[in-house]
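Visitor: Protein chains in written order, with this note's numbering: chain A, 1 to 161; chain B, 1 to 787; chain C, 1 to 292; chain D, 1 to 150.
No lab work stands behind these hints, which were simulated from the structure alone.
All values derive from a computational prediction rather than experimental measurement.
The hints are all genuine.
No more than 35 Å apart at the CA atoms, straight line, and that leaves these computed lysine-lysine pairs for DSBU-like:
| # | chain 1 | residue 1 | chain 2 | residue 2 |
| --- | --- | --- | --- | --- |
| 1 | B | Lys55 | D | Lys51 |
| 2 | C | Lys281 | A | Lys144 |
| 3 | B | Lys18 | A | Lys115 |
| 4 | B | Lys272 | A | Lys2 |
| 5 | A | Lys6 | C | Lys85 |
| 6 | D | Lys51 | D | Lys64 |
| 7 | B | Lys771 | C | Lys281 |
| 8 | D | Lys51 | B | Lys69 |
| 9 | B | Lys650 | C | Lys85 |
| 10 | A | Lys144 | B | Lys18 |
| 11 | D | Lys49 | B | Lys69 |
| 12 | B | Lys69 | A | Lys2 |
| 13 | B | Lys652 | A | Lys144 |
| 14 | B | Lys16 | A | Lys115 |
| 15 | B | Lys75 | D | Lys64 |
| 16 | A | Lys144 | B | Lys429 |
Here is how the chains run, residue by residue.
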Amino acid sequence: MKVSVKVNGTQYERDVEPRMLLSYFLREELGLTGTHVGCDSSSCGCCVVALDGDRAVKSCTMFAVMADGHEITTVEGLEQGAVLHPLQQGFWDQHGLQCGYCTPGMLMTSYALLKHNPDPSDTEIREAISGNLCRCTGYQNIVKAIRQEADVINAPQEKSA
Amino acid sequence: MTTTDKPRHAIGLSMKRKEDPRFIRGRGRYVDDIVLPNMLHLALVHSPYPHARIKNIDSTAALAVPGVKAVLTGKDLEAAGLAWIPTFHGYDKQMVLAVGKVLYQYQEVAGVVAETREAAHDGAELVEVDYEPLDPVVDPFEARKDTIILRDDRENKTNHIYHWEVGAREETDKALAASDVHIKERIYFQRCHPAPLEPCGGIADMNPATGRLTIYMTSQAPHAHRTVVSLVTGIPEDKIHIISPDIGGGFGNKVPVYPGYVVAAVASVVLKVPVKWIETRTENLTTTGFARDYHMDVEIGADKDGKVTALKVGTVADHGAFDAAADPTKYPAGLFGIVTGSYDFPHAFTELDAYFTNKAPGGVAYRCSFRVTEASYAIERGMDLLAGRLGMDAVELRRRNFVGKDQFPYRSQLGFVYDSGDYHATLDKALEAIGYDTLRKEQAECRARGELMGIGISTFTEVVGAGPSKHFDIMGIKMFDSAEIRIHPTGSGIVRAGTRHQGQGHETTWAQIVAEELGLDPQNLIVEEGDTDTAPYGLGTYASRSTPVAGGALALASRKIREKARKIAAHVLEVAEDDVEWENYAFTVKGVPGKTITMKEVAFAAYTNPVPGTEPGLEATFYYDPPNMTFPNGAYIAVVSVDPETGETKVKRFVAVDDCGVVINPMIVEGQIHGGLTEGYAIAFMQEIRYDEGGNHMNTNFTEYLVPTAVETPVWETGSTVTPSPHHPIGAKGVGESPNVGSPAAFVNAVMDALSPLGITHLDMPLTREKVWRAIRDAKAAKAATA
Amino acid sequence: MFPASFDYRRARSIDEALGILSQYGGDARILAGGQSLIPAMRYRLARPAVLVDINPIDDLSYIIEDGDTLRIGARTRDSDLERWKALAGYPLIADAAVLVADPVVRQMGTIVGSLCHNDPAGDWPVVALTGRASLVVRGANGERTIPIDDFLVDSYATAVADGEMATEVRFPRPGPGSAGAYYKMERKVGDFATAAAGTRVTLAADGTIADAAIAIGAAGPKAMRVAAAEALLRGQKPSKEAVRAAADAARALADPTADNRGSAEYKKEMAAVLVERALLKTLERLGVGGLR
Amino acid sequence: MNLHYSGQEIVPAPKAKVWAFISDPASVASCMPDVIETTVVDATHFETKVKIAVGPVRGSFTFKVALDPQPGGDRMNMTISGGGFGSVVDLTAGADIKDNGDGSTTLDWTGDASMRGPVATIGGRVLDAQAQRVISTTFANVKARVGATG
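Let's have the full structure, built from the sequences with the hints guiding it.
Guide: Okay, here's the thing in structure tokens:
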């Protein structure tokens with residue numbers, strides 16, 4: 001089955017089995033192994049990518065053929081040139097990762113979150129990432145990391161921090 | 001010995017992690033990211049029965065699936081002499097693929113190798129296994145009766161695996177009998193699972209040209225695994241190359257060798273191409289190393305003033321179908337002897353009996369030192385039960401029994417020599433942070449309003465850093481660890497260790513230790529672990545042993561280099577070696593201010609201007625055999641409220657004050673504590689691997705085995721005290737596991753404190769809503785009946 | 001794990017979808033958000049011969065207030081609903097919109113798909129029953145509108161016949177003096193409900209209860225209306241006692257199966273507790289407080 | 001997971017006839033719902049493949065059925081074991097047969113199902129409904145068939 005999908009700005013054409021999950025399509029057809037797989041029940045969120053810019057989806061709960069004609073952004077697409085995306089910077093600065101396995105999914109979920117809600121409260125952040133599991137960090141520094149990026153976005157129009 | 005007061009060059013700094021840039025870019029390299037030419041995929045077939053004879057296995061249909069290359073069964077492995085492999089400590093053996101009968105649900109019975117993952121699973125589904133079901137034994141207390149013998153492969157026809165004991169039984173019994181007050185409770189630490197987000201997996205690549213077997217695997221202990229593979233297969237150890245790439249969390253789950261690795265290796269040898277095996281989440285939860293599963297009878301006696309007179313703990317351990325517990329060979333119950341905790345008890349005795357059941361094998365240390373979490377939970381729960389019996393504040397009771405700071409080094413009744421600590425100070429700091437006295441007032445007001453609010457204390461002591469070779473080995477291999485450091489001419493360098501991090505940040509902290517010792521820039525010290533061809537031999541990363549053991553090796557290898565550097569410095573400065581001093585991270589000449597040379601300059605000289613008649617270059621290797629274990633400790637306080645209508649517990653606050661000795665990187669230490677507390681929270685309230693009476697595994701995926709999300713996870717408040725380990729080269733003790741060891745008791749003690757007005761004294765974990773709701777309902781009914 | 005093989009057909013219009021369905025009959029299944037279907041396929045519990053992907057049908061993605069009716073299309077994502085500006089006017093739906101599965105699953109999951117899946121522990125069936133919703137179902141021989149009570153047939157079974165597809169769910173807009181609430185007990189975000197309750201109340205000018213709707217989930221083979229509670233509330237003045245009685249009726253009706261979430265006994269009790277809490281919340285939204 | 005079911009059917013036929021019917025593998029097999037194929041092994045055993053189709057769960061289960069007529073002809077026990085989806089379902093069903101004296105016969109039946117493997121934990125809620133349906137439909141069909149041939 002033919003699939004034509006734009007991933008991180010590049011158009012790809014592949015012929016795959018309909019049952020191929022988007023996560024494995026990205027990992028094995030396109031070699032984008034930043035997207036991880038941690039469960040079979042759509043629970044862990046290690047596989048989250050952005051669909052059409054602002055929709056965080058679990059790529060292991062979507063068939064590659066469903067992405068036909070759509071745009072996908074993966075963790076590999078966050079960095080612009082040699083410059084880290086502010087979210088990546090935030091995760092690094094705030095120690096928002098340990099083993100790194102959940103990190104790409106966490107990054108993509110928060111990437112989509114901030115497009116819809118550029119100034120989330122800590123509670124809203126915790127709710128937004130509650131479809132992504134992390135076993136290492138206890139989430140506290142992940143919340144800080146997302147907060148850091150949100151503060152960057154909001155810095156200009158904020159009167160007082 | 002290093003102390004924390006003077007300004008430091010690298011140690012003690014919250015340096016950002018050096019490994020992060022690849023992870024945040026999605027450029028980590030986990031085992032499933034690795035693709036080799038002509039690689040095939042392995043899928044395993046599992047038994048739906050917990051106990052059954054295998055009458056026949058028919059692979060015909062599976063082999064007919066397009067893309068399927070081979071089906072392996074226990075019979076095939078028998079031919080290769082690999083149907084069984086030794087368990088972790090070598091006391092027992094375990095099946096790779098079932099031969100004769102299956103002993104637990106989901107046990108591996110066959111392996112299907114195919115061109116794609118999908119085809120492998122298509123084939124696995126079509127392997128027809130004809131079973132003759134047998135009655136399962138799921139309760140260790142049933143197993144103890146030996147009415148059904150599970151392991152007919154063993155000489156001793158009994159389900160009893162071993163008895164272990166330490167301490168003075170008679171004196172302890174006498175003291176208990178003579179005590180004014182006395183509590184006894186059966187406390188169950190439920191079977192749970194580390195469930196790292198990255199499942200286990202490996203790629204076996206037997207190269208027919210070189211005759212060399214390379215195994216990429218999710219291994220917390222690659223060197224030990226190389227030796228095991230060699231011993232098991234007979235392949236010379238030089239022909240085995242283990243590469244442990246980035247690991248997506250381990251928490252003890254990635255210490256043992258699992259059938260998938262072995263079947264993949266056999267398949268690669270047979271088919272002469274690389275074979276990849278990647279676990280599904282269900283396989284991870286149902287077949288790989290579980291943790292805990294200890295039924296502990298805790299007995300404490302005390303005088304009426306609350307001074308404990310004796311402690312006795314008798315444990316029944318459920319080891320599942322094979323004795324695959326991950327414990328040092330001479331310590332079948334791990335370091336459970338730490339069960340006297342932070343307290344100075346005049347008498348103590350503990351014994352343990354382990355049994356086979358029709359459950360998955362394991363008994364790994366789920367983010368804890370060997371069996372220390374079970375022990376810590378038992379004593380911290382026990383102290384609260386005693387406080388309740390005495391009508392004494394839980395804090396006061398602990399203060400009266402703490403080992404005093406002037407008692408260190410302290411030899412416990414069960415044989416450990418505690419290195420250092422100041423338990424009173426650590427507890428006081430936690431009490432201050434949480435505002436203990438105000439909280440108790442607040443609680444009184446809540447109770448007046450009929451609300452259920454609880455405050456729970458846990459003042460634990462861990463024993464980590466296995467360990468001194470006179471005591472600790474795994475199948476004879478002593479539990480030292482190692483470091484190799486090479487300083488390049490320009491003052492940068494490479495650091496290798498026998499450990500393997502899974503998120504702990506060794507690439508950063510190891511560089512900090514070496515940089516501190518040598519006055520070099522940690523940014524220019526690359527750290528490499530996990531490749532058995534390049535790293536020095538070590539026992540790996542688990543049981544909080546990396547910093548206590550490998551950390552020591554790193555410091556001492558650095559000091560070896562510093563000694564050589566001093567000679568070079570003297571040569572370059574043209575002074576006598578005795579006149580050269582190491583001061584402010586550079587070499588200076590006694591009494592000649594300003595005459596200094598940096599380590600960077602020395603490094604250059606080591607290659608360009610070596611000391612005549614001496615070995616050029618600047619590198620060192622050190623194998624560190626620690627003189628003792630280290631004893632991290634802490635004081636944790638949880639505040640909870642319980643909804644009597646639903647049984648739901650809300651954690652209002654949690655303060656953790658940890659003493660892990662000298663801190664190498666405060667940011668990383670805090671991160672470790674956040675993570676461990678979160679796992680402790682999960683264990684206390686939601687995690688359990690449960691089997692129904694028919695031996696069915698009831699928690700086979702992440703919708704049934706719960707990992708808390710950011711919404712349920714409490715906000716953690718952390719603090720620290722520092723009592724350096726006197727025997728550790730940099731005074732560090734290790735921290736990764738303290739929060740998981742110490743926190744379950746704090747949560748449970750808090751909930752029990754909340755329920756105490758109803759007369760409820762103990763409930764086993766996990767404290768599910770229904771369990772708590774039921775206890776409240778029954779207690780109220782009982783009250784009503786007596787009223 | 002990996003799904004068994006299947007044929008995949010992409011539909012760009014409802015007619016195209018119906019065409020494919022009529023071609024394959026019972027062997028074909030509609031693929032909407034796929035958030036329940038795809039995991040079931042990964043475990044190979046679900047193994048449809050043909051999937052008809054309706055995701056390309058943009059015409060099915062809408063939320064329209066049409067007079068007194070709220071119309072939601074079959075490809076409208078839960079997250080679209082969650083972010084819909086006018087959702088506050090539908091408190092019952094608004095409560096549920098943030099409790100369905102987890103926030104990422106809601107980016108793909110659809111309310112109509114969830115109703116067609118009809119999981120006994122699902123959220124939307126309870127909300128639809130409480131909100132007196134109806135579904136628009138299309139087939140070769142035209143369109144029919146099915147009241148939710150008739151739509152939810154049995155566990156995982158609905159009134160949608162082979163060759164048909166549900167295209168829209170309709171909710172009557174809550175009138176003046178009307179409000180609702182939805183409560184779900186879950187062990188953690190993303191879990192199936194241990195118990196769930198939806199309530200809706202319309203107050204008459206004199207402050208009595210003119211109409212009440214109550215439904216519970218995870219309490220039997222399918223979501224159920226607590227008709228007895230609805231009946232006993234009608235015409236009454238809101239009171240502690242009336243709320244208790246409604247909760248008791250829910251307890252009496254509930255017939256849950258035990259699982260890791262709890263015993264039947266516990267789930268029955270929680271059905272009552274959640275009905276009570278949802279009713280109190282509903283009444284508070286109508287300005288009737290002080291009943292706790 | 002273990003599940004329990006029970007029900008009652010009043011069959012408009014004399015007890016002897018009902019007994020004869022439910023003692024015959026072929027007859028009983030003919031009463032199971034959604035049967036794809038059946039093989040009668042001997043006087044008390046048959047194997048049958050039934051279609052499973054509940055919501056998302058589609059596939060077939062193969063069952064081995066053993067009839068165990070109790071002496072006295074007042075009770076018929078049945079053990080049904082089989083599986084699909086890498087899982088196992090064991091059913092033990094039993095029916096007490098009472099002569100109502102009015103030419104009709106009462107079947108009081110109970111069934112206990114135990115499931116193993118993925119189905120139990122993942123599809124449990126789905127298969128529960130299905131097992132119930134298999135048992136109740138089977139006895140309902142017994143009523144219909146025996147009645148019809150009356």
